[in-house]
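Given these sequences and hints, build the entire structure.
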Amino acid sequence: MEEKKVNRRDYLKYTGAAIGGLVVGGALGYLLKPAEVVEKTATVTAPGVERTVTAPGATVTVPGAVSTVTVPKTVTAAPKAVTLSLACDAGHNYIPWFDPEEAKGGGHYGQNQAPKIEKALGITISGEEVDPGTEFSIYMADLTGPGKYEIIVYFPTYNGDIMGGGWAVPLDPYIEKYGVNMNDIAPVYRYLYCSWGGKYYALPYDGDFHALYYRKDIFSKPDIRTKFKDKYGYELAPPKTYKEYIDIAEFFNGWDWDGDGEIEYGTVEDFKDLTWGIFFDRFASLGGLWFDENMNPLVPNDAAVKALEDLVKIVDFMPPGALDFGALEVFDCMTKGITAMTLTWPDVGPRAGSGEFPVKGDQVGTALVPGYVVGGTLKRMSWTGVGRIMIITTHCPEEKREAAFQVLKWMYDTSPMWVPSGLNGEDPFAYRQTSLGALPHWQAANPGWSIEGILDYLKGAEENYSHGYPDLYLPGAAQYEDVLSRYIMLAATKQITPSDAISRTVSEWKTVTKDLGFDKQKKLWAEMIVSYKQAGIWPE
Amino acid sequence: MRKISYLTKSRLILILPALITLILIIFFPLVYNIYLSVLRWRIGTKENPQFIGIENFITIISDLRFYNSLSKSFYLLIEIPIEFAFGLGLAFLLQEEFRGKRLISSIILLPLALSDAVVGLVWGLVLVPTYGPFDFIMRSLDLWKILGFTKPISPAIVYPMETIILADIWQWTPFFFLTFLAGLAALPVEPIEAARVDGASSFQIARHITIPMLKNVIGVTILIRLMDVFKSFGIPYILTKGGPGFASEVVSLYIFNQALQFLNLTYAAALTLIVIVIVTMLVMAFVRIYKFEFR
Chain A
1 MEEKKVNRRD YLKYTGAAIG GLVVGGALGY LLKPAEVVEK TATVTAPGVE RTVTAPGATV
61 TVPGAVSTVT VPKTVTAAPK AVTLSLACDA GHNYIPWFDP EEAKGGGHYG QNQAPKIEKA
121 LGITISGEEV DPGTEFSIYM ADLTGPGKYE IIVYFPTYNG DIMGGGWAVP LDPYIEKYGV
181 NMNDIAPVYR YLYCSWGGKY YALPYDGDFH ALYYRKDIFS KPDIRTKFKD KYGYELAPPK
241 TYKEYIDIAE FFNGWDWDGD GEIEYGTVED FKDLTWGIFF DRFASLGGLW FDENMNPLVP
301 NDAAVKALED LVKIVDFMPP GALDFGALEV FDCMTKGITA MTLTWPDVGP RAGSGEFPVK
361 GDQVGTALVP GYVVGGTLKR MSWTGVGRIM IITTHCPEEK REAAFQVLKW MYDTSPMWVP
421 SGLNGEDPFA YRQTSLGALP HWQAANPGWS IEGILDYLKG AEENYSHGYP DLYLPGAAQY
481 EDVLSRYIML AATKQITPSD AISRTVSEWK TVTKDLGFDK QKKLWAEMIV SYKQAGIWPE
Chain B
1001 MRKISYLTKS RLILILPALI TLILIIFFPL VYNIYLSVLR WRIGTKENPQ FIGIENFITI
1061 ISDLRFYNSL SKSFYLLIEI PIEFAFGLGL AFLLQEEFRG KRLISSIILL PLALSDAVVG
1121 LVWGLVLVPT YGPFDFIMRS LDLWKILGFT KPISPAIVYP METIILADIW QWTPFFFLTF
1181 LAGLAALPVE PIEAARVDGA SSFQIARHIT IPMLKNVIGV TILIRLMDVF KSFGIPYILT
1241 KGGPGFASEV VSLYIFNQAL QFLNLTYAAA LTLIVIVIVT MLVMAFVRIY KFEFR
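Listed in order, the protein sequences are those of chains A and B. Per my numbering, the very first residue in the first sequence carries number 1; after that it's consecutive. Per my numbering, the very first residue in the second sequence carries number 1001; after that it's consecutive.
A few of these clues could be false.
Straight-line alpha carbon distances no greater than 30 angstroms define the calculated BS3-like cross-link-like pairs of lysine-lysine that follow [unchecked claim]:
| # | chain 1 | residue 1 | chain 2 | residue 2 |
| --- | --- | --- | --- | --- |
| 1 | A | K216 | B | K1151 |
| 2 | B | K1151 | A | K221 |
| 3 | B | K1046 | A | K533 |
| 4 | A | K336 | A | K243 |
| 5 | A | K336 | A | K221 |
| 6 | A | K227 | B | K1151 |
| 7 | A | K514 | A | K533 |
| 8 | A | K313 | B | K1046 |
| 9 | A | K119 | A | K148 |
| 10 | B | K1151 | A | K243 |
| 11 | B | K1145 | A | K229 |
| 12 | A | K240 | A | K313 |
| 13 | A | K514 | B | K1046 |
| 14 | A | K229 | A | K459 |
| 15 | A | K231 | A | K494 |
| 16 | A | K231 | A | K336 |
| 17 | A | K240 | A | K360 |
| 18 | B | K1046 | A | K522 |
| 19 | B | K1046 | A | K523 |
| 20 | B | K1151 | A | K494 |
| 21 | A | K229 | A | K243 |
| 22 | B | K1151 | A | K336 |
| 23 | A | K336 | A | K360 |
| 24 | A | K313 | B | K1151 |
| 25 | A | K177 | A | K379 |
| 26 | B | K1046 | A | K306 |
| 27 | A | K510 | B | K1046 |
Calculated directly from the structure, the hints in this document are not laboratory data.
This is the structure:
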């Protein structure tokens, strides 16, 4: 058979035809895909979990209104039975929506709300777990692209991009219509997590804060108390100022204070994962701001230097190599009896309360983070970074938004049941979650924890979130925080001075702001300031 | 114009899927990357991408963080001769048949089967102070004091780059071992036997016969690792996150941070192009200097 060579034109023709075929085929496939089926479901009456509780044997007074957890017995179903797409952090943070153990008959207390929502409201939730490490890019790619998610749960640090970017549906009309009591949410979450420019766009899902944990049993030992008073001239107690905190950390560092034959240490904080948070506990207590009205960073700068100097001081009183500890190792330091104190996430309380660690819940006290005396007044602020909120995206069709809000409200209403579990990582954000009314849920979710231990934790939790200071919720937050964290670590490893670290951070933040558009950032920050003022955090 | 034969048409149709795949997975991302590099656009904003020409590249010129990350990636290159030496030594040791050879070879190859992220986690758990076995051994044998440390340290904090290199060596030495072992198995035995008859020692045989005959295998293995070192991401990300400070922020990690943490995708695209050019130049220089011997 005679073989002829193909010429270039024919070759291109065939190749072009094949690629064209693929493109046309793909486009037709997309256009002809079946329309989304809207399921019809009859109105269902919820099973009802309505109860009012009096805490048995409570001996500690918990501030804040005592409230009850009420899931309405009869709920108004959504106008039409609908399916809503949800995206939430993968893993344990997803359990409040879907608990895989529930299907096996071993569900965790208060979790798995999505099937209950379906039963009660006729709203089917099609959930998707998203990797928390890359969720921002996943969400932004979806919001700016296909828009398949109608409800998303995300870290409020992305508020600048998501709320400020106009991707969230304002919730004020629904909040008013359904009578959601926003006053029950602590100001920092209510105004900084959930609102933007004076409007509500979200309901909280997870409230985070830093708390001071200390070894209650060790702090109460007479010989230790005497030894401490002899050395420092005042009574050993949970520190109220960072000066006291450093003293106590120094006192407990490098000796066997619990008599187990091992050397123990003063304190530990998480430098590895969210380094800027432990800096902001101090800086905010000194009256520091992320930016002033004119976008000058870390104002006042000398307070930032002082905060970093004090942060660096505690490195010497932490376990060796603790700069490499992530959150879990930090928690373990407390629950395994390695340090006398820690200043970290809310998780330590429930972990100790679980009874699964050498140090039990009753041995750990929870207190408000220390602070500084500024202008004659002791100011103590707890950084409330991370956390999670629920929003309805603008991709959610108008006719489904009310149903979506009902889902958000259901989760919010039932939160006192699912927040207490130490398994899901969700932390209190509303007063009724830390009031006496919620105690039975804490007991049910943490059977190994004594009432006194729980109440001590709830009191400490409420004090901390009531003194909450927000994370940065501006576009580019990750970049600002990355720069700050890296210079903090350079100072913590004594490669540069705290003063140098702050001046370099300030300089780089100005560049970041310029790159992101100074006027645009300033306008968005001005909108943030509205929320700061509403929360009572902005200096007068 | 000549007509195309049935055979030629058939061949064209057969190679077409491969060709389209090639275009889609190699050329399209590259062209799209070039396109992105001349834009200003951040993911998540409603603003349209804006054409800015070479502005991103001009910014790179004064980007000290990029130079720092590039220098960290170059620093990683020192692991290649170490992996080479260990890999070659192991290959020579396991060249001969003996009882248990397969089991030992399988164990040596295990780290190669792990993902970067797992290797990072494994080494992180091994080296983490207070809890990890490394610290336990150092304390038990009083090695911290013997080595002059007043108290235990975290290697990932004090020696971040060296810790990454250690984990890399653990993971990639088996790659050198595997290719060298395969190369040795493929060598003709006659020159070696002849040298042995002439009274050459094992070292002389290795130096003057075996290694020269492995030249191409060695060259290709080093070349692959040379390119791979600049892709190093998983281990630094898990072990040190580029820290403390910027001490171990290798170039892939910096590009990742720009693209997916700071959402500065177009700037990351420009950085990527620069790295592609640098790696290509390195590869070309290596090929020119090494003088592969192809028949």
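**Message:** Could you work out which of the previously given hints the structure breaks and list their numbers from low to high?
**Reply:** 8, 11, 25, 26
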